[in-house]
Every structure is written in C-alpha cells, then in structure tokens.
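Read in order, the letters of the sequence shown correspond to residues 91 to 206 in the working numbering.
To be clear, the hints were calculated from the coordinates, so they are not data collected in a lab.
Because the structure is a prediction, the values reported are computed rather than measured.
Note that CB positions come from ideal geometry on N, CA and C, so glycine has one too.
No false leads were slipped in.
Label pairs and their calculated CB-CB ranges:
{"no.": "1", "residue 1": "Ser111", "residue 2": "Lys188", "range": "56 to 66 Å"}
{"no.": "2", "residue 1": "Ser190", "residue 2": "Lys159", "range": "18 to 28 Å"}
{"no.": "3", "residue 1": "Ser110", "residue 2": "Pro149", "range": "42 to 52 Å"}
{"no.": "4", "residue 1": "Lys148", "residue 2": "Gly168", "range": "25 to 35 Å"}
{"no.": "5", "residue 1": "Phe195", "residue 2": "Cys150", "range": "17 to 27 Å"}
{"no.": "6", "residue 1": "Cys150", "residue 2": "Arg114", "range": "42 to 52 Å"}
{"no.": "7", "residue 1": "Thr105", "residue 2": "Lys147", "range": "49 to 59 Å"}
With a straight-line Cα cutoff of 25 Å, these simulated DSS-like cross-link-like pairs (lysine-lysine) come out:
{"no.": "8", "residue 1": "Lys188", "residue 2": "Lys148"}
{"no.": "9", "residue 1": "Lys188", "residue 2": "Lys164"}
{"no.": "10", "residue 1": "Lys188", "residue 2": "Lys166"}
{"no.": "11", "residue 1": "Lys166", "residue 2": "Lys147"}
{"no.": "12", "residue 1": "Lys188", "residue 2": "Lys170"}
{"no.": "13", "residue 1": "Lys170", "residue 2": "Lys159"}
{"no.": "14", "residue 1": "Lys188", "residue 2": "Lys147"}
{"no.": "15", "residue 1": "Lys166", "residue 2": "Lys148"}
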Amino acid sequence: MPLLITSTPHLHSSTMHFLSSLLRLTILAGLLVVVSVDASPIPASIPQGHDSASTIKKPCPSACPLIYKPVCAKNKYGEKRTFSNSCALGVYNCEHPKDSFSAIFETACEEKPGCL
Numbered sequence: 091m092p093l094l095i096t097s098t099p100h101l102h103s104s105t106m107h108f109l110s111s112l113l114r115l116t117i118l119a120g121l122l123v124v125v126s127v128d129a130s131p132i133p134a135s136i137p138q139g140h141d142s143a144s145t146i147k148k149p150c151p152s153a154c155p156l157i158y159k160p161v162c163a164k165n166k167y168g169e170k171r172t173f174s175n176s177c178a179l180g181v182y183n184c185e186h187p188k189d190s191f192s193a194i195f196e197t198a199c200e201e202k203p204g205c206l
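With these hints in hand, go ahead and build the complete structure from the sequences.
Here it is in structure tokens:
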C-alpha cells in the first residue's frame, strides 16, 4: 500500500502565522533603522576646511545653581564684570563667544566710587 502524505491545516496555519510575524518584525526593524539614520544630527558631509567639532555647535547650558559665589572676570578689552558664580560666567561665555570673560578673582569686582 503506498504511503500518502497530506498536510495538516493546523501546521499550515501556524507556519503562515510565523511567516507573517517574521515579515512584520523585519519591516519594523527596517523602519527603525531608517528613522534612526534620518534623525541623526551629524551632517552628511563636512565642508572642506572644517572639522566636525567646529561644524556642530553644542547647546549652551541654561541653568546654574542658585548659589552666590561671585567671580570677577575681565574681557579682552580690560572691562571687568562680576558674575554670580563660575557657572554663570561659563554660560555667558558660551552665549557670547566673541566677548568672552576670563575669571581673575573669586570675589566680586571692586566697584568704582560714584558708580551705582
């Protein structure tokens, strides 16, 4: 008597379910890769004469501790200014790179007589 091989509907259904799930996972993984590559903040190419550090500007800090520990600082023109703390000095320098100040004393700057 010849051997007759038949497929069982249960096996066919579970195989189709597995393949369908595998296809969904593959599509989802592909979308995640596309989204993660597309959301990258790094430019596709860096212009000649620039390095990556000068092309990508990091955001300046926006909050400093509310601790008054004055710092006297001076800019390249010799102007002195008191900052509430070293963090505030750093934020100012980050936001004003062309008019940066360097700390010279860990106290408030002397005020000139007659000035408010």
